[in-house]
Amino acid sequence: MSPISRLLSVFTLLGVAACASSSDPAPAPAPAPTTQAAAPAPPAPAPAPAAAEEAEAIFSTTQSNRGRDQFRSMCTECHTANEFSDNTFQLKWSRRSVGDLFEFILTAMPDDAPGILTASQAVDLTTYILSMNGFETGSATLRPDQGTLDGISLSRIRS
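Per the numbering used here, the very first residue in the sequence shown carries number 903; after that it's consecutive.
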């Protein structure tokens, strides 16, 4: 994982942690008036997606089907679909992010010509693997945005 990807992962995790810890519905007390003018507060950062939102569908059936078709045409020479949803795969990847899986596919596959896949092909293949591991499909399209992908945990793939 590149240093920038790691940095983005850390910021994403910090954002999720901040959102999770700010569940207190009581408003903060107003500060006591002072005689000095206070500096304006910096704008609040955009909220990170809550854990419940992460469980929602993040890609479409159409996108997963494109990934399946690419898998069949490009990957079956070396791989079977079963190896991407078995216990070994789940144990290896369940503590990582979708971004890690995407980056691996993008940079290391295919084994005989690493790096020839486009980002769109790699993200479609990623969604196919996610669908084989029980991720729900919906109407969204998962984009090949490393920061977004790094913020999606693969912890749900464990049976």
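If you are wondering where the hints come from, they were derived from the structure by calculation, not from laboratory data.
By construction, the Cβ of each residue, glycine as well, lies at the ideal position given by its N, Cα and C atoms.
Check the hints yourself; a few may be wrong.
As the list claims (entries may be wrong) - Quick list of the computed label-pair ranges, beta carbon to beta carbon:
hint, residue 1, residue 2, range
1, P1012, S1041, 27 to 35 angstroms
2, L993, T964, 17 to 25 angstroms
3, F1006, T978, 14 to 22 angstroms
4, D1014, E1038, 17 to 25 angstroms
5, P1016, A959, 28 to 36 angstroms
6, S996, E958, 17 to 25 angstroms
Verification of the hints:
{"no.": "1", "hint": "P1012 with S1041: 27 to 35 angstroms", "result": "holds (30 angstroms)"}
{"no.": "2", "hint": "L993 with T964: 17 to 25 angstroms", "result": "violated (30 angstroms)"}
{"no.": "3", "hint": "F1006 with T978: 14 to 22 angstroms", "result": "holds (18 angstroms)"}
{"no.": "4", "hint": "D1014 with E1038: 17 to 25 angstroms", "result": "violated (33 angstroms)"}
{"no.": "5", "hint": "P1016 with A959: 28 to 36 angstroms", "result": "holds (30 angstroms)"}
{"no.": "6", "hint": "S996 with E958: 17 to 25 angstroms", "result": "holds (19 angstroms)"}
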